[in-house]
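Asks: Assemble the whole structure, with the sequences as input and the hints as a guide.
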Amino acid sequence: MMTQDEFVHARQGEWAELRALLDAQRVLHKLAPAHVSRAAALYRAVCRDLMRAQAAGYGPDVIVLLDGLAGRAHNALYDAPPYRLRAVWELLSAEFPRTLRRHARFFALGVALFVLPGVLGFAGAYRSRAFALRILPESSVEQLEESYATGFAGRNGDVDAGMAGFYVFNNVGIAFRCFATGVLFGVGSAFFLVYNGLVIGAVAGLVTAAGHGKNLLTFTCTHGAFELTAIVISATAGMVMGYALVETGGLTRTGSLRAKGRDVATLVLGAACMLLVAAVLEGFWSPSAAPAHVKWGTAILAYLFVATYLARAGRASASAPGPSVRTPVHASIQASRQDSSKVAPPRERRA
Amino acid sequence: MLRCCGVRVALDNTVEVETPELVRFRYRIAGPVRRALAYLVDLLIRVAVLAVLAILLSLAGLAGSGSMKGIMLLAAFVLEWGYYVGFETTGDGRTPGKRALALRVVKEGGFPIGFLDSVLRNLVRGADFLPVGYALGLVVMAADGRFRRLGDRVAGTLVIIEEEARVVAPLVLRPPPTAEELAAFPQRPPLTAWERETLELFLRRADLTEGRREELALTAAPVFAQRMSMWFKDPVRFLGLLHHRATSQTAAASPPVRPQLGAGRLV
Chain A
1 MMTQDEFVHA
11 RQGEWAELRA
21 LLDAQRVLHK
31 LAPAHVSRAA
41 ALYRAVCRDL
51 MRAQAAGYGP
61 DVIVLLDGLA
71 GRAHNALYDA
81 PPYRLRAVWE
91 LLSAEFPRTL
101 RRHARFFALG
111 VALFVLPGVL
121 GFAGAYRSRA
131 FALRILPESS
141 VEQLEESYAT
151 GFAGRNGDVD
161 AGMAGFYVFN
171 NVGIAFRCFA
181 TGVLFGVGSA
191 FFLVYNGLVI
201 GAVAGLVTAA
211 GHGKNLLTFT
221 CTHGAFELTA
231 IVISATAGMV
241 MGYALVETGG
251 LTRTGSLRAK
261 GRDVATLVLG
271 AACMLLVAAV
281 LEGFWSPSAA
291 PAHVKWGTAI
301 LAYLFVATYL
311 ARAGRASASA
321 PGPSVRTPVH
331 ASIQASRQDS
341 SKVAPPRERR
351 A
Chain B
1001 MLRCCGVRVA
1011 LDNTVEVETP
1021 ELVRFRYRIA
1031 GPVRRALAYL
1041 VDLLIRVAVL
1051 AVLAILLSLA
1061 GLAGSGSMKG
1071 IMLLAAFVLE
1081 WGYYVGFETT
1091 GDGRTPGKRA
1101 LALRVVKEGG
1111 FPIGFLDSVL
1121 RNLVRGADFL
1131 PVGYALGLVV
1141 MAADGRFRRL
1151 GDRVAGTLVI
1161 IEEEARVVAP
1171 LVLRPPPTAE
1181 ELAAFPQRPP
1191 LTAWERETLE
1201 LFLRRADLTE
1211 GRREELALTA
1221 APVFAQRMSM
1231 WFKDPVRFLG
1241 LLHHRATSQT
1251 AAASPPVRPQ
1261 LGAGRLV
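In the order they appear, the protein sequences are chains A and B. All residue numbers for the first sequence refer to our numbering, where the first residue is 1 and numbers rise by one. All residue numbers for the second sequence refer to our numbering, where the first residue is 1001 and numbers rise by one.
Everything labelled a hint here was simulated from the structure, so no lab data went into it. Here a beta-carbon is modelled for each residue, glycine too, at the ideal position from N, C-alpha and C. Keep in mind that the hints are not guaranteed to be accurate.
[Stated by the list, open to error] Sample of chain A residues facing chain B (criterion: CB under 10 Å; computed from the structure):
#	residue
1	Gly57
2	Asp61
3	Ser93
4	Ala161
5	Thr181
6	Thr208
7	Ala265
Replies: Encoded structure:
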């Protein structure tokens, strides 16, 4: 049997060689072919050394060194699957709406948790200013009444750019927090939905009572289609996550949470993209000087687009006729769609 | 990990990973303090980037304008939500702060993390932060054997310490053991690998006072003495000799490498 010193002396040359290869490139497949096979051989050798050192009871320093080296090499050998731009397109064109439809119940619950307090807030604030003051701070009430009295039409472009940045920072941040707090058994998401519904309703009620309802509606109608929907969707993702903690389906709570991870991440990323669209519209289109009926028109188009997108995109029947005319890219996307529908058991009924 | 009464008990902060090659290796798990320091480094970097951007925009004559406000807020948003995902996905699970403290995020199986994993663990940051200053995340970490915060649990990730280890010089016993001291021990002392490792860790500790060292040795020495039906006067010396005997008996098979620590020199 070798002593530790002999073992280290005999093997450390190869350890240094592997370390040098790992330092040269983060992931092995970017190395030259000869180096890749050399690195793989060295990795196996290090694994063997590690087992040998453990069995022989060599000192903790040698074991720690080999543990570290084997861990690094393992990480470099098994690189994470790359995330390409195509995947982003697939996510937006099919996977996101499809995932949302799979969790339609939670989406419906989210809409209810948002709209009902919204209606309540609107009715209350419309009837009494005191009610609005209990929900909103007094300073912001005065500011709101003032700003909507004049309207936004023809705000200059510089202010628009500033506000667009604010909308991204604020609204997407709200949506993300709405999602994240869902990990607390869904309570956080539900709370933020009710809270935001109430506040938005109260603002609308207050401004309408002051007689500036038209200013507010023409301002918010277009981007609201994207923004409000996206906030409800991110809360939906939070509630899916919270429910996974309750209904574990026989897994551990953490395991159940992780099983929903992909769905949840897809929903949040989709919502984030919708919010970016909303922020651009809210910054540049909503405050523009376009006449009211044009804004109403775009709002209707926006709602139709969002509804059609969420209800229809990614359905297999939409691309069923005439597969011969499709380009190869479409065909391969279709193939991957069919794969994913095989993997996911709860298939859509109207596929 | 220690085997105790047939059950595996986590004694130190390591986690074992079994690879497809059926090899097991261990990762050291990073604790809250080290991760908090990495967070602070990242925070300072993000603040510095914003400050530099603000200065540049002011120099470009945009000071106080709406465009500047818009760009700053957009940058703040990207830094708040995109900084971690960007660095962890492209930088092999490490942000600059993690790199500075030799940390890395990996999947639970020891694999590198992907884009969606990183998105999940960093968005759930918002919940870990609640109510202030990552209080909830800290409580959840403390309750978990592998120091996972909520985000780590959702994404199935771990934060590990990745430091370069070195082979240390062999342990030397001072004064050198005499032949009769060693002769009192059995040829092959009945020690398990874990016990030998524990002895080595104890003997290498330099930060103990004499009294404390003896106190600690007294807790372990009687166990071994009883096992081998021996007596001892100085518990520290006894453990040192025991370790020496246990490790050098493997050397007996290959005499040329190790110099003889025998009676010859004492004469």
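Asks: Next item in the hint list is A/Ala265. Is there a CB on chain B closer than 10 Å to its CB?
Replies: Since chain B brings a Cβ to about 4 Å from A/Ala265, closer than 10 Å, the hint holds.
Asks: Go through the hint on A/Asp61 and say holds or violated, using the shortest Cβ distance to chain B against 10 Å.
Replies: holds, 5 Å
Asks: Double-check A/Ser93 for me: the hint is only fine if its C-beta lies closer than 10 Å to a C-beta in chain B.
Replies: Violated: closest Cβ of chain B sits about 17 Å from A/Ser93, beyond 10 Å.
Asks: Would you settle whether the hint for A/Thr181 is holds or violated, based on the nearest Cβ-Cβ distance to chain B being less than 10 Å?
Replies: At about 5 Å, which falls below the 10 Å cut-off, the nearest Cβ of chain B leaves the hint on A/Thr181 intact, so it holds.
Asks: Answer holds if the nearest beta-carbon of chain B is closer than 10 Å to that of A/Ala161; otherwise answer violated.
Replies: With a minimum Cβ separation of about 4 Å from chain B (threshold 10 Å), the hint on A/Ala161 holds.
Asks: Given A/Gly57 was flagged as interface, is its beta-carbon under 10 Å from a beta-carbon of chain B?
Replies: With a minimum Cβ separation of about 4 Å from chain B (threshold 10 Å), the hint on A/Gly57 holds.
Asks: Quick check on A/Thr208 please, does its C-beta sit within 10 Å of some C-beta on chain B?
Replies: Violated, about 28 Å.
The structure is inconsistent with the numbered hints 3, 6, although it conforms to all the rest.
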